[in-house]
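**Student:** Take a look at the letters that make up each chain.
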Amino acid sequence: MRTLLAALVATTALVTGAQAATVYPLDRATILTGSPFDFKVEFKSVVKPEDVKITVNGQDYKAVLGAEASFIAEEKGKEDKVLGSAVLLRGVKIAKAGDYKVEVSAGDEKKSVTWNVYGTQATPKARNIIFFLGDGLSVAHRTGARIMSKGMTEGKANGHLNMDVLDRMAFVGTSSTNAIATDSANTMSAYMTGHKTAVNALGVYADRTPNTLDDPKVETIAEALRRTTKKSIGVVSNAEIEDATPAAVVSHTRARGDKAEIAGMFYDVKPEVILGGGSAYFLPKSVAGSKRKDDKDFIALFKDAGYTLATTKDELAKADGDKVLGLFHTGNMDTVLDRQQLKKGTVEKFPNQPGLVDMTKAALDKLSKNPEGFFLMVEGASIDKMSHPMDWDRAMYETIEFDQAIGLGLEFLKNNPDTLIVVTGDHTHGVSIIGTIDDDKPGTEMREKVGTYADAGFPNYEDKDGDGYPDKVDVSRRLAVFSSNFPDYYETWRPKMDGPFEPSVQNEKKQYVANEAYKNVPGAVFREGNLPRSADTAVHAVDDVVLQATGPGSEGFKGYMEESDIYKVLVDTFALGAR
Amino acid sequence: MMTLLQHPVSRRLFLAGMAMAAPPLLTVRPVAAAASMLGFDELYGKVTPLGLQFSEKTKALEGKSVSMRGFMAPPLKAEAAFFVLTEIPMSLCPFCSSDADWPDNIVVVYLSARQTFTQANQTIEVTGRLETGSWTDPETGFVSLLRLRDARYAAV
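Same order as they appear, the protein sequences are chains A and B. Counting in this note's numbering, the first sequence runs from 1 upward without gaps. Counting in this note's numbering, the second sequence runs from 1001 upward without gaps.
Isolated chain A (complex conformation) (with noise of 0.2 Å):
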């Protein structure tokens, strides 16, 4: 420890006088060895090309690198701002593991960074590896879905959900590389590329220019699967397909917004199963509900090459061939409480939606016919897109529809042993379960109705129907779940039966204010937000997520691992490293 804080006096020293320049990738990188990826300088100020000095491990930079960088004398930002001089060499590869220290000088700008270049062992250890990703999955979200799914008696759970049975499991820490904090695309990012990135960012390092396409970038685990194996991949999520989580698996942008070019992201990667909501960017602006700028119709590219297109439920169960695009919502999908029991959201408008469960075993008939194997990624989306407007009825169906989905890959790992399962979150809710609430407690108050600690008793939902759903949602003693973060809204401590969720409206000062179409639910309340007024609904939390996995490969998972670590597990299972 002394040792150590030691060092870091000398590095900090070392710092000060000089002007840092930013190198890409950041210091202690992880990097796999054979991978692609650009390697970046941005010096603070506008420095003389034949200044620029960069050695690796002591060696000049050509000789490791394996080429010239090119030099920007001036890199532009907003409103032609000059932001200084960069050098940048795309597509570097490292074929020997090892640490390469990267010292970079130019005038009085030095910096040094440290990455880690890895290998893996030589074979394989499975064949397969299905990646589940609750979106959002806190540790609340687990036990509301065991609760209302199989009940418990006498403080004991009358039924484990398929993510309780899992063999392993590690602590993963989601920070992102510009804040504590973070959101879904670099945190899939990270566990996609097995390098952390900025909230926002896809598949890329963020760096300081504007445009979002430009940014370095690193390999995704569908390139690396592509340029070392013959595997099929699989994307399966029920939100847009182009959304941050699916789109990790194969896109490089700074921004996740830049949905209608993600879509052209996966037409360049071509995953052989790709299923979702999300059909308004692979239309063509001409056609009413397309959300794209442009005239390109990513519905007939994917035809063209190949792929059995689905629209609805029907036609995924009847979908032939090899490659099936699964659009089957303009949008995000709805929720399997909206689809199977309410009726709402737009379910009206997409009457014949698959689930979750449904898509996962589509995906898992068509990938399992390659005897090289595949890599499968199902996001289970709405537990997140539920939880940040405290929509917690919906949010709790969802994480039961996720575990459900994870059946159906346990299912398979029995008669395919060869097979790693990982299952995890992202990033996790300041969400909580703290008691029940119970209609027939006496008065008209509703925080009174709150049972805590013995108070709380047992809630009464039922599933006689044995779908593992509660039969009904709004029953009169229900889990009492918060949020520990909340813009200013309406709290009704009821489910919300006409629809999903809004807590929260935009005033002319761009500012959040509560939606008074829950004023007048009897009982609600208005609570005043904890959060600045600029957010729109209650946000991700810093917590750790909890990762757990089944199948060969998955002794690697342990301890605290950072999201990035995940990636190398991952590749170390398939052994990407040795080709």
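Calculated from the structure, these hints are not laboratory results. Idealized CB from N, CA, C, for every residue including glycine. There's no promise every hint is true.
[What the hints assert, rightly or not] Result set (EDC-like, lysine to aspartate or glutamate): computed pairs, CA atoms no more than 20 Å apart in a straight line:
no., chain 1, residue 1, chain 2, residue 2
1, A, Lys-285, B, Glu-1131
2, A, Lys-285, B, Glu-1139
3, A, Lys-230, A, Asp-418
4, A, Lys-303, A, Glu-261
5, A, Lys-293, B, Asp-1137
6, A, Lys-343, B, Glu-1131
7, A, Lys-48, A, Asp-27
8, A, Lys-81, A, Asp-214
9, A, Lys-519, B, Glu-1087
10, A, Lys-349, B, Glu-1131
11, A, Lys-472, A, Asp-439
12, A, Lys-349, B, Glu-1042
13, A, Lys-344, B, Glu-1042
14, A, Lys-349, B, Glu-1056
15, A, Lys-344, B, Glu-1087
16, A, Lys-293, B, Glu-1131
17, B, Lys-1046, A, Glu-74
18, A, Lys-343, A, Asp-465
19, A, Lys-349, B, Glu-1087
20, A, Lys-293, B, Asp-1041
21, A, Lys-344, B, Asp-1041
22, A, Lys-285, B, Asp-1137
23, A, Lys-343, B, Glu-1139
24, A, Lys-343, B, Glu-1056
25, A, Lys-78, B, Glu-1087
26, B, Lys-1046, A, Asp-314
27, B, Lys-1046, A, Asp-358
28, A, Lys-110, A, Glu-74
[What the hints assert, rightly or not] Just a sample of chain B residues kept apart from chain A, beta carbon distances all over 12 Å, derived:
no., residue
29, Ser-1036
30, Gly-1039
31, Lys-1046
32, Lys-1057
Assemble the complex: chain A is given as a structure, and chain B must be docked to it using the hints.
**Tutor:** Same frame as chain A, but now just chain B:
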């Protein structure tokens, strides 16, 4: 005070047009009198992931004066020539948040004259000439499929 501004030339043209269309000395507002109500749930007939099709009612009202009730989304920028009318109040601002996105059934409103921004929680009724088909706003690049042109609105 945030205001929405339509091009002054358009406003003059619109007023001239109104003067010609309206019988002399008529004091009621002719556009409002002639306007047909059109609900958000009536805009589209067939809806599938491969696109939306305008309803027969929408097609029949093309070019005619139409009134719609909805909510004004916070404007793209203070001096934008248009605003977006939504069926329910926007809980997220798609222009501000990369996570958010517009609903399918928005209507873009080009005002005939400057009007102040209304509260997000306030239902408004907008009356204007219905225009269908893809249109890219030249200033902002915002693509819309349904518009109310030469429009004005009032709180309901």
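**Student:** Which hint numbers does the structure go against, in order from smallest to largest?
**Tutor:** 6, 7, 10, 17, 20, 23, 24, 25, 27, 31
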